[in-house]
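Let the hints inform the model, and build the full structure from the sequences given.
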Amino acid sequence: MSVRIHELAKRLNMEGKDLLALLKERGYVAADTKSVSSTVSKIYEEILVKEFTPQEPAAAAVAPAPDAPPAADVAPKVRAPAGVFVRSKEEIDRQKEAAKAAAAPAVVRPPVPHAPPAARHAPLPPRPAPPVPASKAPAPASVVSRPASVPAPAASAPPPVRTPVSA
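The sequence shown begins at 6 in this note's numbering and counts up by one.
The set of hints was computed from the structure by calculation and includes no laboratory data. Beta carbons are placed, not taken as given, at the ideal position from N, Cα and C, and that holds for glycine. Just to be clear, a hint being listed does not mean it is correct.
[As the list claims (entries may be wrong)] Just the calculated beta-carbon pair ranges, DEER-fashion:
hint	residue 1	residue 2	range
1	130	108	53 to 63 Å
2	107	44	56 to 66 Å
3	166	135	23 to 33 Å
4	59	12	13 to 23 Å
5	163	135	26 to 36 Å
6	60	40	24 to 34 Å
7	166	128	42 to 52 Å
8	101	128	55 to 65 Å
9	58	91	35 to 45 Å
Structure below.
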């Protein structure tokens, strides 16, 4: 990603033309770049920001000034914004106790054993066999082939006689 030269110049408190000249000198932009509306790469932006932002000395940030009183002796000054309601310590303690009482578990009852849930759909009973018309009735048991050593049972009625159909 890139940033416009005039935006970078504003962040660095420089004139856009001066920054453009510096970028051309270092080779960060093309030599034929004429406008501060052109862009510069994010990498070059980071380099310039590190170079031109003022750095505070590390020793000044760590060590307090010698004439300053110790931090433990000075109470911090805290100002609440207008309209802010400040609760007392007693009120906060009461609210904490009420929250603990509300969060305390009630009487714990042992779980009640229950029957497994019933099946949603009961299995259907088997369907009865459809009635077979007389013309397609199954062959009697005596017609079933049997080994020659087993005699066939006696039939109660003689089998029907077939007559040829003449056309």
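Hints, one by one, checked against the model:
1. 130 x 108: 53 to 63 Å: At roughly 55 Å between Cβ atoms, residue 108 and residue 130 fall inside 53 to 63 Å, so the hint holds.
2. 107 x 44: 56 to 66 Å: 59 Å, holds
3. 166 x 135: 23 to 33 Å: 30 Å, holds
4. 59 x 12: 13 to 23 Å: About 19 Å separates the Cβ atoms of residue 59 and residue 12, which means 13 to 23 Å holds.
5. 163 x 135: 26 to 36 Å: 29 Å, holds
6. 60 x 40: 24 to 34 Å: 31 Å, holds
7. 166 x 128: 42 to 52 Å: Given a distance of about 48 Å, which is inside 42 to 52 Å, the answer is holds.
8. 101 x 128: 55 to 65 Å: 59 Å, holds
9. 58 x 91: 35 to 45 Å: Since the Cβ atoms of residue 58 and residue 91 sit about 40 Å apart, the hinted range of 35 to 45 Å holds.
The structure shown violates none of the earlier numbered hints.
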